[in-house]
Amino acid sequence: MFTAFPLVWLLAVALRTTGSVFGFPPQLLPWPPSLSNFITVWDTMPLPRFFFNTVVLSGIAVTLNLILCSMAAYPLARMEFPGRKVIFALLLSTLMLPGHVGMIVNFVTLMKLRLVDTYAGVLLPGAVSVFGIFLLRQAFLTVPQELEDAARIDGASEWTIWWRVMLPVITPALAALALFEFVAVWNSFLWPLIVLKSPDKFPLAVGLLYLSGLFAHNTRAVAAGAVVMTLPIIVVFLFTQRYFIRGLMVGAVR
Amino acid sequence: MEADLPAPPARATGLLGLTRRQWRAAIIAYLFLLPALVLLGAFTFYPVLFGTALSLFNYDVISPPRFVGLAHFRALATDRYFWIALGNSVKFLLVVPVLQILSIGLAVAVNRPLRGIRWFRAAYYLPVVTSMVTAGLMWRWLLEQDGLVNFVLLKLGALPRPVSWLGHPDFALFAVMFVTLWKGLGYYMVIYLAGLQAIGPEFEEAAVTDGASRWQVFRLVTLPLLRPSILLASTISAIAALKVFEEVYVMTGGGPMFRTFTMFFYIFDKGFQQLDLGYAAALAVVLAVAVMALSAVNFRVFRQGGWSYY
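Protein chains in written order, with the working numbering: chain H, 42 to 295; chain P, 45 to 354.
Check the hints yourself; a few may be wrong.
Unchecked claim - What follows is a set of in silico ranges between Cβ atoms, one per label pair, in the way DEER data are often shown:
#, chain 1, residue 1, chain 2, residue 2, range
1, H, 45, P, 268, 25 to 35 Å
2, H, 136, P, 149, 19 to 29 Å
3, H, 45, P, 113, 32 to 42 Å
These aren't lab readings, by the way, just hints derived from the structure by calculation. These numbers were taken from a predicted model, which means no experiment stands behind them. Glycine included, C-beta positions come from ideal geometry on N, C-alpha and C.
Whole structure, please, built from the sequences with the hints as guidance.
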C-alpha cells in the first residue's frame with residue numbers, strides 16, 4: 042500500500058544491521074532482525090533526553106489547551122453577554138489569517154520577554170488553539186439545558202457548573218482535542234527549532250533533525266531514531282482512531 | 045385585577061444599559077475568556093498588526109527599528125530571490141487539484157460499510173500523524189539515486205536509468221510535492237468522508253432508481269453535493285501549498301539551484317538566519333496577501349457555482 046508501505050520499510054531498515062540501506066535490490070525482510078541500531082542510538086545519542094523532553098512538552102501543551110480552550114468555549118456557547126459576537130468573529134478570522142506572519146513577531150516578543158531557549162517560549166504561542174475553542178464550543182452547545190438548570194437551582198456557581206456539570210459531559214470532545222494537540226506538539230519542529238538553542242532541551246523532532254546531520258553516515262541509526270519518535274504516535278493513533286477521526290469529521294462538517 | 049398591581053418597577057439599568065445581573069454575568073463570562081484572549085491577543089492578533097508595521101521598518105533586533113517606508117516592497121520588485129521563491133510557491137499549487145481528486149476518489153472508495161474498512165482508513169491516515177521530520181528523512185532515503193523508488197521504477201521499465209529525484213533541478217520540486225501528497229491524502233480523505241456521510245444515501249439511491257449509471261451518479265449527484273467539502277479542503281490545501289516549508293527544510297534545504305526555494309523558506313532565511321526582520325516581515329505580508337486573495341477566489345468559485353457541473 043502506497044501510504045503505509047514506506048513506514049514499514051523504515052522499520053525494516055531500522056531492524057537490520059548488515060548490508061547497505063540502498064543498493065539493488067533492497068532487502069525488505071529484516072533478517073536477522075536486531076535491536077542493535079536502537080541500542081546504538083539510545084547509547085550514543087541523547088535520545089532518552091529528547092524523549093523525556095517531548096513527553097514533558099506535549100503533556101504541558103495538552104493540559105494547557107484543554108483547560109484554556111474549554112474555559113473560553115464555555116461562555117461562547119452558553120452565556121449571553123455583550124461582545125460575544127465580536128469575539129466570535131475575531132476568533133473566526135484567525136482561521137482565515139495565515140498563521141506564519143506571526144512567527145517573526147512572536148520571536149521578537151519572546152526575546153523581549155527573555156523567553157528564548159525556554160519551554161515557556163515554545164509553549165505559550167500554542168497554548169490556546171482556536172480550533173480547540175470551536176471544537177469544544179460545539180460540544181458545549183449540545184449539553185441539555187435541563188442539566189444546567191438543575192445545577193443552578195441547587196445554587197451552583199458558574200465555575201462549578203463548568204467544572205462539575207459541563208466538562209464531564211463533553212469528555213469525548215476533550216479527548217479528541219487532547220489527541221489532536223498531542224500529535225501536533227509531538228510532531229512539531231519548526232517553532233521549537235526557532236526558539237530552542239541548547240540541544241539538551243530539544244524535543245525528538247528537532248533532535249532527530251540535528252542528529253541526522255551529525256550521523257549522516259549512519260542511516261540505520263537515524264532510522265532507528267525515527268522509529269522511536271514515530272512508533273508512540275502510531276500506537277496512540279491506532280488505539281484511539283475512533284475518537285480521532287470522529288473529532289476531525291465534526292470539525293470538518295461544522 | 046391586573047390594573048390593581050403597581051406598575052412594574054422600571055428595570056434598574058446601570059452603566060451601558062445593563063442591569064446589575066447582566067453586569068455580573070458579563071464579568072463572569074470575560075473571566076472565563078480572559079486567559080485565552082490574553083494569549084491569543086499577544087501571540088495571534090498582535091503579530092498581525094505589528095508584523096504589518098514591521099514591514100515598513102529596518103529591524104535587526106540589536107539596534108532600534110528605523111522607519112524606511114515602502115523601501116522593502118520596492119526592493120522586492122528587483123529581488124531575484126523573491127521572484128524565484130514566489131514562482132516556486134505558486135508552482136507548488138499544482139499539488140492542490142491532484143490532492144483533491146485523489147482524496148475524493150479515496151473517500152468514495154472507503155465510504156462503504158465493509159468489515160475492517162476502519163483499518164483501511166487508518167492506514168491512509170497514518171502519514172498524517174507521522175512527523176514531517178520522519179516522513180522527510182524517510183522519503184529522502186527512498187528517493188535517493190540508489191533508493192527504492194528508483195529500483196521499482198527501473199524494474200517496471202518506467203525509467204531508463206536511476207534519477208536522483210531530490211538532487212535534480214527538474215524533478216526536485218515535484219518530488220517534494222509528492223511527499224506533500226503522500227502525507228496529506230489521508231487528512232483530505234477524512235474531510236471528504238465527512239462530507240459524503242453528511243449527504244446520506246437518499247439522493248444517490250434516487251438517482252440509481254432513475255437509471256443513472258455509477259459514473260453519472262458520482263458526477264451529477266455526489267460531486268455537486270460535496271461542494272462545501274471541496275471548498276473547505278481545497279482552501280486548506282491551497283493555503284498549505286503556498287506556505288510550504290517543512291518538507292523543503294527537511295528534504296532539500298531549498299536546493300538544488302534554488303528549485304525548491306519557496307516563499308516561506310525565504311522568510312525563514314531572512315528572518316531567522318540573517319536577522320533582517322523588516323524585510324522578512326515584508327515578505328510575510330506579500331505571502332499573506334497572496335493567501336487571502338487565493339482563499340477569496342476559492343470561495344467565489346465554489347460558493348457561486350462558477351464550476352458548472354450541474
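Hint check:
1. 45(H) / 268(P): 25 to 35 Å: The hinted range 25 to 35 Å holds for residue 45(H) and residue 268(P), with Cβ atoms some 32 Å apart.
2. 136(H) / 149(P): 19 to 29 Å: holds (27 Å)
3. 45(H) / 113(P): 32 to 42 Å: Given range 32 to 42 Å: violated, Cβ gap about 54 Å.
Hint compliance for this structure: hint 3 is the single one not met.
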